[in-house]
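Engineer: Each chain, letter by letter, is given below.
There are 2 protein chains.
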Amino acid sequence: MSEESKSKSEERPRAVGLLGGGVIGGGWAARFVLNGVDVRLYDPAPGALDRVQQQLANARRAFRQLTLVPLPPEGALTMSESIADAVDGVEIVLESAPERLDLKQPLLAAASQAAAPGVLICSSTSGLRPSLLAAGVKHPERLLVAHPFNPVYLLPLVELCGSPSATPGALKRAAEIFQSVGMHPLVMRKEVDGFIANRLQEAMWREALWLVHDDLATVDQVDDAIRYSFGLRRAVIGPYSLGGGGAGMRQNMEKWGPVQLKQPWSRLTDVPELTEAFVNKLVEQSEVRAGNLPVPEFEQKRDDCMVALLKGLRAQGYGAGETVARWEQELRDRVPPLANSSGPLRMPTLQMPSDWVDYNGHITENRYLQLCGMATDNLLRHIGIDGEYRAKYGSYYTVETHISHLQELFAGDRVQVLTQIVHADDKRLHLFHVLRREGDEKPAATGEQMLIHVNGSSGTSAPVHGNVRERLLDLAGVHAKLPRPDRVGASIGVRKGA
Amino acid sequence: MSEESKSKSEERPRAVGLLGGGVIGGGWAARFVLNGVDVRLYDPAPGALDRVQQQLANARRAFRQLTLVPLPPEGALTMSESIADAVDGVEIVLESAPERLDLKQPLLAAASQAAAPGVLICSSTSGLRPSLLAAGVKHPERLLVAHPFNPVYLLPLVELCGSPSATPGALKRAAEIFQSVGMHPLVMRKEVDGFIANRLQEAMWREALWLVHDDLATVDQVDDAIRYSFGLRRAVIGPYSLGGGGAGMRQNMEKWGPVQLKQPWSRLTDVPELTEAFVNKLVEQSEVRAGNLPVPEFEQKRDDCMVALLKGLRAQGYGAGETVARWEQELRDRVPPLANSSGPLRMPTLQMPSDWVDYNGHITENRYLQLCGMATDNLLRHIGIDGEYRAKYGSYYTVETHISHLQELFAGDRVQVLTQIVHADDKRLHLFHVLRREGDEKPAATGEQMLIHVNGSSGTSAPVHGNVRERLLDLAGVHAKLPRPDRVGASIGVRKGA
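Quick note, the sequences are listed as chains A and B, same order.
Under the working numbering, residues 104 to 601 are what the first sequence spells out, in order.
Under the working numbering, residues 104 to 601 are what the second sequence spells out, in order.
Please note that the accuracy of each hint is not assured.
All copies of an identical chain are treated as equivalent in the list; a pair is satisfied when it fits inside any one copy or across any two copies.
[To be verified] Straight-line alpha carbon distances no greater than 16 Å define the calculated EDC-like cross-link-like pairs of lysine to aspartate or glutamate that follow:
| # | residue 1 | residue 2 |
| --- | --- | --- |
| 1 | Lys293 | Asp317 |
| 2 | Lys495 | Glu390 |
| 3 | Lys275 | Glu114 |
| 4 | Lys275 | Glu244 |
| 5 | Lys584 | Asp529 |
No lab work stands behind these hints, which were simulated from the structure alone.
Let the hints inform the model, and build the full structure from the sequences given.
Structural biologist: Printed below as a string of structure tokens:
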């Protein structure tokens, strides 16, 4: 282990104390436990542990999708009988009581009395400034607001805000701790009600309330207007992200500033005056920002990120991803149907996407097998295997695959896959796929596969059934008249056909 | 082709006329051209065509990432010398002039004079209500606002807003047209300045300006506060999306309404009074929304979508995706180093993510090849192949792969891949990978691969070079002492080892 990684590991606290196990407290618990940190939880409400366990289960499920890297052994989640017990031996305390000063103040005060002086005392408040919370806190120099976002185990932001008496060391150590569990700490310059993100969310929320209140839009329309449009942008870039550094900002303010701010586009119209000094401030802050990109590169990066979001949502069939899926289906519907032929089964042409390319500049190897898998699925659908058949009788599982790469494929290539049944009997299905660039007679690759018909519930091989069997054997009969591909049965190291 | 798909194809217009080829007009051009629709563009500004071509190039690039489905043949992009020429023979006209009523009114009027009565006349205005734009328009019943979002070729939303004289038929036909090019039309109930999305964006923008104006945050902090937190939520769900239908809404308003709205969380604090009638309206609209999910299912769907976004951004190394990548790297750093051994090369353990599972419930076949590819990359790094070596001397390309599936793998399984060099000479590298569930001696799969050392620039085989060659032959020497795996050289159909 390198020196650097050693010190990173040491940034992780051994244990945290949580006061309150609601939506936010439970989210904290999940994030820390899954990152290997022990959690001591104080929440006298009935059923608190069950609710936290439910969030932990959700978080485990989400993390299993999020990363291939194995997580460290889980931290222990312990219920504490008292505040003193919850803060005993921990490095940081996180209070997540309901958003009421009269509830938060005594909790924070009690925690600070019981905790050792070096223990960080944090509140998850959504908007109360730390000076208000510090009343009664012992050693208030270690009192901070650490404001996270629901779901806490997934959203990376934590806003860190200290009262004027907070030490830079406390803020620094808190930032390290949150970073060590995968978060993005944002240290505020000043105390302000609502911090940054909630002020912005709140402004939008007030406008959203007016839209429904005044019967200009329904709640559905408000939600859709956001998630099909600028919501996709805001996951990638903030409102000040324009590309082009200071020049881009000046251009934007000159073009849009007067138009937007002078027209009654929102219900609430009080706006700062666009003085030269204010525009200069915006320009200067944009000039020095990290990772400034010139506009053309910025636009491509923005597009790449938005495509990634749309594809992610497409796989979920949700929101804007549903729109993309519908559009793709319509594109597919417009492709002329394939002529019925006595040749190999042909899958509709596919265009190689640019994110299938690896660092060598060509389509990466496992995508060839993905194409073979799609062609096999195409054949299985063709012979009538559907959800009902799978539930009753099972389906084909691949047991062996042999891929030969003959020519490189590149992004944008239009690729056909032709599938020939080499042999089919009651259980075995031996296929040979040819991947061909459209208009090129020479194959780009071949894929030979042996599949076995398996009963899904028993997990053991079982004969193919009924109509599916008939259609399969019919098609196998037609394909038996085709020439047997040269490479069938080839093995690595002992090259036959190449 | 089915009846349904035929009628869908017919929804696509043959041609559109565009007035103005700036950021929005160019985006319209790209969306229509790539969806096979002819575009007639009127923009007398010098360089307009070049700028539109640049957007079209960006859009082609983005679409190539977005979908595997081949796009229809591109529509023709023609520059028109006059407004009359641009609207000749088209089904819909889209005006995208700068945001000034005195520019838009005459363009729309002229277009409506020249166009046949049935041609839809639309403005892309960001905020001007259609009644204002209708002055001088012939047949104002077909005048609409069709407000899209930049980049128009990627973001699905288009807000459709008619003046009181607009016919339902015009709105319906416009919605069909935008749907046919992959958009999500949102038909507004009433005319309102700024429509829906821009009113919401604008409210947030005004708050963002105050934050910087008052020196409470920098532009970087404002952008980061959004994109690392609620920005990720807003790509998936709007502010009214809470799950649980009407009950969820009532609970939320009771819990948060008074807290949020009575505290000065945003600069602009004028809010609707939370009367019982208003809360009831919110509740009723939430009750009837499509796809209502109970809270637990809603939370899982929300998490799945946010994981998909985080993974998409991780692949781009951008925003919150960068945070996830850094966290993963730290998790990896914490894994104890592998002991130096004389056995096969071992890749760090990986945990099978749940989105690698196919409809049969186990890890899908091409992920096995992806694991083999990762193990090969691990070996190539181990022998010293890096970016510099690749640029100078090339790298190894896979020419053949033989995968044998011996046991199913499932989501959550912790998997090790062990890689043995079967043979290496100046050009050829013969590998044998064993995929094993942690703690299980029996392999889950094996992968045999033959790779050839290829010079990247010439694309032809070339000998391995220098230190990399030495390290490779050393490792091959160590591995030569290991037993030769049984399945090496096996071929499909003639089973040797199984």
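Engineer: For every hint, state whether the structure bears it out.
Structural biologist: Hints and how they fare:
Only between protomers do lysine 293 and aspartate 317 lie at most 16 Å apart by alpha-carbon distance; the minimum there is 11 Å, versus 36 Å within a single protomer. Within a single copy, lysine 495 and glutamate 390 get their C-alpha atoms no closer than 64 Å, and across copies no closer than 37 Å, so neither meets the 16 Å cut-off. Proximity of lysine 275 and glutamate 114 under a CA criterion of 16 Å is satisfied intra-copy only: 11 Å inside one chain copy versus 59 Å between copies. When the C-alpha separation of lysine 275 and glutamate 244 is checked against a cutoff of 16 Å, the pair qualifies only within one copy, where the shortest distance is 13 Å, while the shortest distance between copies is 62 Å.
In this assembly of identical chains, the alpha carbons of lysine 584 and aspartate 529 never lie at most 16 Å apart, being 20 Å within a copy and 43 Å across copies at closest.
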